[in-house]
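> In case you want the letters, here they are:
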Amino acid sequence: LSPRVSSLIPVLVLAAAPAFAQSDPATTGPHAVTTVEYTQGDTAFTPAGFPGPVEFTAVTFYPTDLVNGPYPLVVYLHGRHGTCTGGFVWPCTGAGSIIPSYRGYDYSGQQLASHGYIVISISANGINARDASVADLGAVARAELIDRHLEFWRTLNTVGAAPFGTLFVGRVDLTRVGTMGHSRGGEGTMRHWSYNAAKAQPFPLKVIVPIGATNFSRWQVNQNIAVAQLLPYCDGDVSNLQAVHFYDDARYLMTNGGYQNYVTVMGANHNFFNSVWTPPAAGASDDWGIPGDPFCGTGVGNGRLSPANQRVVGLAYLATFFRTAVGGEPGFFGYIDGTQGKPPTVSTFAVHTAYQGHDGQRRDLNRLLDASNLVTNTLGGASTQTDLSPHDLCGGLAPQPQHCLPGGTSTARMPHTAPSSLSALRGLSQLRTGWAGDSAQWINLIPAGPSRDVTQFDFLQFRLTVNFADGRNPVGSPQDFNVRFTDGAGGTQSLRVGLFSQVLFYPPGTMSAVPKVLQHSVRVPLANLTSVNRANLSEVALVFNQTSSGAVLLSDLQFYDSPVVTAPPGPTPGSYFTLAPCRVVDTRIALPALVANNSRAFTVVGGTCGVPADAFAVSGVVVAVDPTDTGNLKIFALGESAPEASAINFNAGQTRSNNGVFKLGTGGQIVTLPAMGAGQTTHFVLDVTGYFR
Amino acid sequence: VSLVHSQHPAPSRRAAVTAALVFFGSLTASAAGPLQNLAEVKELPRTLVAEGSARKAETALTLSGYRVERAALPAPQRVVVNGRTTDVSEAWIVTLRFERALTVRDQAFSLVIDGRWCGFLQEAPNLLSADAVCFDASLIREGAAVGATYRSIEIASTPEAERTLGPHVRFVDGDEAVHYSSARLHLGGAR
Numbered sequence: 001l002s003p004r005v006s007s008l009i010p011v012l013v014l015a016a017a018p019a020f021a022q023s024d025p026a027t028t029g030p031h032a033v034t035t036v037e038y039t040q041g042d043t044a045f046t047p048a049g050f051p052g053p054v055e056f057t058a059v060t061f062y063p064t065d066l067v068n069g070p071y072p073l074v075v076y077l078h079g080r081h082g083t084c085t086g087g088f089v090w091p092c093t094g095a096g097s098i099i100p101s102y103r104g105y106d107y108s109g110q111q112l113a114s115h116g117y118i119v120i121s122i123s124a125n126g127i128n129a130r131d132a133s134v135a136d137l138g139a140v141a142r143a144e145l146i147d148r149h150l151e152f153w154r155t156l157n158t159v160g161a162a163p164f165g166t167l168f169v170g171r172v173d174l175t176r177v178g179t180m181g182h183s184r185g186g187e188g189t190m191r192h193w194s195y196n197a198a199k200a201q202p203f204p205l206k207v208i209v210p211i212g213a214t215n216f217s218r219w220q221v222n223q224n225i226a227v228a229q230l231l232p233y234c235d236g237d238v239s240n241l242q243a244v245h246f247y248d249d250a251r252y253l254m255t256n257g258g259y260q261n262y263v264t265v266m267g268a269n270h271n272f273f274n275s276v277w278t279p280p281a282a283g284a285s286d287d288w289g290i291p292g293d294p295f296c297g298t299g300v301g302n303g304r305l306s307p308a309n310q311r312v313v314g315l316a317y318l319a320t321f322f323r324t325a326v327g328g329e330p331g332f333f334g335y336i337d338g339t340q341g342k343p344p345t346v347s348t349f350a351v352h353t354a355y356q357g358h359d360g361q362r363r364d365l366n367r368l369l370d371a372s373n374l375v376t377n378t379l380g381g382a383s384t385q386t387d388l389s390p391h392d393l394c395g396g397l398a399p400q401p402q403h404c405l406p407g408g409t410s411t412a413r414m415p416h417t418a419p420s421s422l423s424a425l426r427g428l429s430q431l432r433t434g435w436a437g438d439s440a441q442w443i444n445l446i447p448a449g450p451s452r453d454v455t456q457f458d459f460l461q462f463r464l465t466v467n468f469a470d471g472r473n474p475v476g477s478p479q480d481f482n483v484r485f486t487d488g489a490g491g492t493q494s495l496r497v498g499l500f501s502q503v504l505f506y507p508p509g510t511m512s513a514v515p516k517v518l519q520h521s522v523r524v525p526l527a528n529l530t531s532v533n534r535a536n537l538s539e540v541a542l543v544f545n546q547t548s549s550g551a552v553l554l555s556d557l558q559f560y561d562s563p564v565v566t567a568p569p570g571p572t573p574g575s576y577f578t579l580a581p582c583r584v585v586d587t588r589i590a591l592p593a594l595v596a597n598n599s600r601a602f603t604v605v606g607g608t609c610g611v612p613a614d615a616f617a618v619s620g621v622v623v624a625v626d627p628t629d630t631g632n633l634k635i636f637a638l639g640e641s642a643p644e645a646s647a648i649n650f651n652a653g654q655t656r657s658n659n660g661v662f663k664l665g666t667g668g669q670i671v672t673l674p675a676m677g678a679g680q681t682t683h684f685v686l687d688v689t690g691y692f693r
Numbered sequence: 001v002s003l004v005h006s007q008h009p010a011p012s013r014r015a016a017v018t019a020a021l022v023f024f025g026s027l028t029a030s031a032a033g034p035l036q037n038l039a040e041v042k043e044l045p046r047t048l049v050a051e052g053s054a055r056k057a058e059t060a061l062t063l064s065g066y067r068v069e070r071a072a073l074p075a076p077q078r079v080v081v082n083g084r085t086t087d088v089s090e091a092w093i094v095t096l097r098f099e100r101a102l103t104v105r106d107q108a109f110s111l112v113i114d115g116r117w118c119g120f121l122q123e124a125p126n127l128l129s130a131d132a133v134c135f136d137a138s139l140i141r142e143g144a145a146v147g148a149t150y151r152s153i154e155i156a157s158t159p160e161a162e163r164t165l166g167p168h169v170r171f172v173d174g175d176e177a178v179h180y181s182s183a184r185l186h187l188g189g190a191r
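Quick mapping for you: the protein sequence lines, in order, are chains A and B.
Going by the working numbering, the first residue of the first sequence is number 1, and it counts up by one from there.
Going by the working numbering, the first residue of the second sequence is number 1, and it counts up by one from there.
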C-alpha cells in the first residue's frame with residue numbers, strides 16, 4: 001500500500017473555525033482538517049465476476065486532532081464518468097492521466113471533517129470502464145468496492161496498516177457509518193446496504209445518501225435505515241430521476257426506525273455536484289443539453305443553478321444528512337423533513353422536500369394503494385368525493401394504468417412511474433384528480449375510536465404535484481385549496497394549504513425531460529386548528545375552492561409526528577400592530593402600470609400610512625387593476641428571490657383583490673413581479689392594514 | 001456480406017415491442033464452466049455476419065455504422081430470452097460506430113434491434129464505438145433496424161423470479177433529451 005503522495009504528509013486545509021452555528025449545518029467546524037490520499041494501485045483487485053481489475057484508491061479527510069476521536073466514518077462514491085484523459089480504459093496506461101472523479105466532493109469532505117467526521121471518497125474508474133459487461137451494470141462490484149474500503153478502515157482502527165501505521169487505531173467510530181453515492185455510485189451504495197447486511201460483521205450503517213442515482217434494479221432498502229436523497233430537477237443524464245423509486249418502494253416498510261427522504265434541487269443538473277465533472281475539467285460537460293428550455297436551459301431568466309451554487313446546496317444537505325443521522329447532532333432534522341424549511345445557506349434557492357417517517361411517526365389516513373382506497377380509507381372510514389373528475393388511481397399495480405399522464409408523454413417527465421432497465425416493477429400508486437368550479441372535495445372519514453385522537457401528531461401530510469398535463473391548470477400558475485377538518489361534535493375549520501406549503505407550484509420547463517410530475521410533501525400544521533377538537537377528529541376533506549380549476553396527483557395522506565430533536569434557535573417573534581386601512585401604493589396615480597416579467601420595488605415604510613421603519617412585514621390587501629392579460633403577481637422582499645407562489649392571480653380585464661402578509665426587504669421595500677404575456681400590463685394597489693415589528 | 005443503408009428513422013417510438021434478451025445474472029453454463037461476464041463472450045472467436053456504414057451519420061448520437069459478428073459459445077449458456085430462461089449456444093456481438101465521440105453517462109446505454117432491447121452497450125476506449133452482446137437469434141435478420149438509446153426502456157411481463165433482467169421492452173414516445181439512433185441491418189442472406 002502506498003499513498004498517492006510520496007509520503008504521509010498531512011495537508012492543513014482548514015484552520016480552526018470556532019464560530020459554530022447550530023442551526024446552520026453548512027458552516028465550517030472547529031477542527032483543522034488533514035487531507036491524504038491512499039492507494040494500493042490501479043489494479044489492486046478484481047470484484048467477483050467482474051471483467052477486469054480495479055483500483056483501491058481514495059482520498060480521506062479527517063480531523064487533525066485525532067486524539068479527540070473516535071470520529072464517525074462517512075464514505076463517498078462517485079458515479080460513471082470518463083476514466084482517463086486519453087481514453088475510456090482502465091488502467092490509464094498509454095491513455096493519458098487519471099480523471100479523479102473521487103476528488104469532486106472535496107468541498108463536502110473537508111467541511112464534514114471540520115465538524116469531526118472522517119470522510120473517504122473512493123475512486124471507481126476501473127468499474128466505470130467495464131460495467132456494461134456485467135449483468136447489473138456494476139452495482140455489486142461497487143458494493144464490494146465500498147466494503148473493501150470499510151474493511152480497510154476496520155483494520156486501521158484495530159491494528160493499523162500502511163500507509164497510516166497506527167495513526168487511526170481507536171480513532172474511528174465504526175458504530176456510526178454513512179454512505180453517499182452519486183449516480184451509479186448511488187445505486188452502488190443502495191446495493192451495498194444488502195451486501196453489508198449479509199456479512200458476519202456488518203457495519204452499522206446509519207444513512208444512505210444517493211444523489212441523482214440510478215435505480216436499474218429497484219433495490220429495496222427498507223430495514224429501518226435512513227435514506228436521504230438529492231434529486232436534480234434539471235438532470236440531463238439520469239433524466240427520469242428513477243431514484244425516486246427508492247423512496248416509493250420502501251415507504252411503507254419501515255417498521256420502527258429510519259425514514260425515506262428526498263430533496264429536489266430545482267435548477268440543478270446531474271454533474272455539477274461533482275467539481276471534477278464540471279467544466280473546464282477534462283471530459284466534463286453540462287449534461288442538460290437543451291439550451292432553449294426556459295427553466296433548465298441557458299437563456300435569460302432561466303432557473304439553473306451555477307456550478308458553485310449547486311455545490312452550495314450539495315454541501316448544505318450532505319452536512320444536514322450526515323451530521324444528523326451519523327453524528328446524531330441536534331438541530332438539523334427539520335431540514336430533512338422540511339418542517340424547518342431549508343438550511344440557511346440554501347434559503348435563496350428553490351428546493352422541495354418529501355419525507356416519510358417510520359410507522360411510529362405516522363397514522364396513515366389513506367395510503368391510496370388500490371381502488372378500494374377510493375371507497376374505504378386505510379383507517380376504515382369512508383372515502384368519498386364530489387365533483388372531482390377524474391378521481392382514480394394510476395401508476396401502481398395493474399389494473400391501474402402504468403402511467404398517470406397521457407400516452408406519448410415522455411417517461412422522463414414522470415419519475416414515479418419511470419421504467420427501470422433491469423426490473424419490471426410498476427411505480428407509485430397515486431390519486432389522479434381534478435376539478436372545475438368550487439364545489440369539488442375529497443372527504444376521508446375517521447371511524448369512531450382511538451384513531452380520532454390526533455393530538456400526538458403535528459401535521460396532516462400528503463405528497464402532491466400539480467399535473468401539468470391537465471389543461472385545467474393555468475400554465476405557470478400555482479394551485480391552492482383548503483383542508484377542512486371536522487370533529488365529532490360537528491366543529492369545523494378550514495386551513496388554506498397555500499399558507500403553509502410551497503409545493504403547489506406549476507412544474508417549470510417546457511422541453512425534453514421537464515416539466516415533471518414529481519410529488520413533494522405538503523404539511524398542514526394541526527396546531528393551527530383552534531375551532532375543532534383534535535382529540536376527536538372525525539373528518540378530513542380536501543376542498544378545492546381556492547382556484548377555479550385544477551388537477552393534481554397525490555399520495556400518502558397521513559398524520560405526521562415530526563421527530564425534530566431540538567429546534568434551532570429562531571428569531572424572536574414580532575408583535576403585530578393594526579392600522580386603519582391605508583393605501584401605500586397605487587400605480588394608477590402618477591405611476592406607470594406594472595409590465596409583464598419586469599420587477600419593480602415599492603417603499604412601504606414611512607409615508608402617511610404609519611408603517612414604522614423597523615417593521616419587517618405588513619398585512620394588507622393587494623389588488624390587480626385592469627390587467628391586460630391573464631396572469632399572476634408575485635410580491636416579495638427586496639433583496640430576496642421571487643417565491644414560487646403568487647400573491648394574486650387574475651384574468652384579462654378582471655380586477656381582483658387578495659389578502660396577504662408581505663415581508664419587507666431592504667429599505668422597507670417590497671418587489672412586485674407580474675407574470676403575463678410579453679408586453680402586457682396591470683396596475684397595482686396595496687392597502688396596508690397592519691404591520692409586524 | 002455487404003451493405004449500404006441509411007434508412008431512418010427506424011422503429012416507431014410508439015411501437016410496442018415484444019421481445020428482447022438479456023443476460024441472466026452471470027452466465028451459467030448448462031454443461032461446461034460458466035462464463036462470468038459478457039467480456040468473456042467478446043473474447044471468443046467471431047465470424048462476421050454483417051457490416052455497414054451509413055451515408056450520413058444519424059441523429060444526435062451520430063450513428064455511422066455497425067458490425068455484427070457471431071460467436072460460438074464453448075458450452076451452452078443459460079440466459080433469459082423473451083422472458084424465458086433458455087440455453088443458447090451462440091451469441092452475436094453488435095458493434096455500433098459513431099462519428100462523434102460518445103459522452104460517458106450514467107444512464108444505461110442500450111442496443112435496440114427492431115425496437116427490442118438486446119443488450120447494454122459498452123463504449124470503446126476511443127468512445128467512437130460501442131458493442132453489446134445479443135443472444136436473440138430472431139433479431140439478427142434481414143432488414144432489421146439497429147440502434148442505440150439512453151432511454152429508459154420499459155420491461156413488462158417478466159416472471160418475478162427472473163426480473164433481474166428483463167425481456168419485453170417498448171419505447172414510449174416523447175421528446176426526451178436522450179438519444180435514439182438507427183441504421184438498417186441488411187444481412188444479404190449471410191446467415
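Please note that a few of the clues may not be correct.
Cut-off 20 Å, straight-line C-alpha distance, at most; resulting in silico cross-link-like pairs (SDA-like, lysine to any residue) [claimed, not checked]:
hint	chain 1	residue 1	chain 2	residue 2
1	B	Lys-42	A	Lys-634
2	B	Lys-56	B	Arg-100
3	B	Lys-42	A	Arg-600
4	B	Lys-42	A	Gly-610
5	A	Lys-634	A	Asp-614
6	A	Lys-663	A	Thr-630
7	B	Lys-56	B	Pro-74
8	A	Lys-634	A	Asp-687
9	B	Lys-42	B	Arg-100
10	B	Lys-42	A	Val-89
11	A	Lys-634	A	Gln-669
12	A	Lys-663	A	Arg-600
13	A	Lys-663	A	Leu-638
14	B	Lys-42	A	Gly-52
15	A	Lys-663	A	Pro-592
Just so you know, the hints here were simulated from the structure itself, not pulled from any lab data.
These numbers were taken from a predicted model, which means no experiment stands behind them.
> Are the hints correct? Go through all of them and say.
Hints and how they fare:
1. B:Lys-42 <-> A:Lys-634: The hint is violated at about 60 Å.
2. B:Lys-56 <-> B:Arg-100: holds (12 Å)
3. B:Lys-42 <-> A:Arg-600: Violated, at about 65 Å.
4. B:Lys-42 <-> A:Gly-610: violated (81 Å)
5. A:Lys-634 <-> A:Asp-614: With a Cα-Cα distance of about 23 Å, the restraint between Lys-634 of chain A and Asp-614 of chain A is violated, given a limit of 20 Å.
6. A:Lys-663 <-> A:Thr-630: With Cα atoms ~25 Å apart, Lys-663 of chain A and Thr-630 of chain A exceed 20 Å; violated.
7. B:Lys-56 <-> B:Pro-74: Given that 20 Å is the threshold and the Cα spacing comes to 38 Å, the pair is violated.
8. A:Lys-634 <-> A:Asp-687: holds (16 Å)
9. B:Lys-42 <-> B:Arg-100: Violated, at roughly 24 Å.
10. B:Lys-42 <-> A:Val-89: Within the cut-off at roughly 16 Å; holds.
11. A:Lys-634 <-> A:Gln-669: holds (14 Å)
12. A:Lys-663 <-> A:Arg-600: holds (15 Å)
13. A:Lys-663 <-> A:Leu-638: holds (9 Å)
14. B:Lys-42 <-> A:Gly-52: Holds. Lys-42 of chain B to Gly-52 of chain A sits at ~13 Å (cutoff 20 Å).
15. A:Lys-663 <-> A:Pro-592: violated (24 Å)
Consistency with the previously given hints fails for numbers 1, 3, 4, 5, 6, 7, 9 and 15, ordered from lowest to highest.
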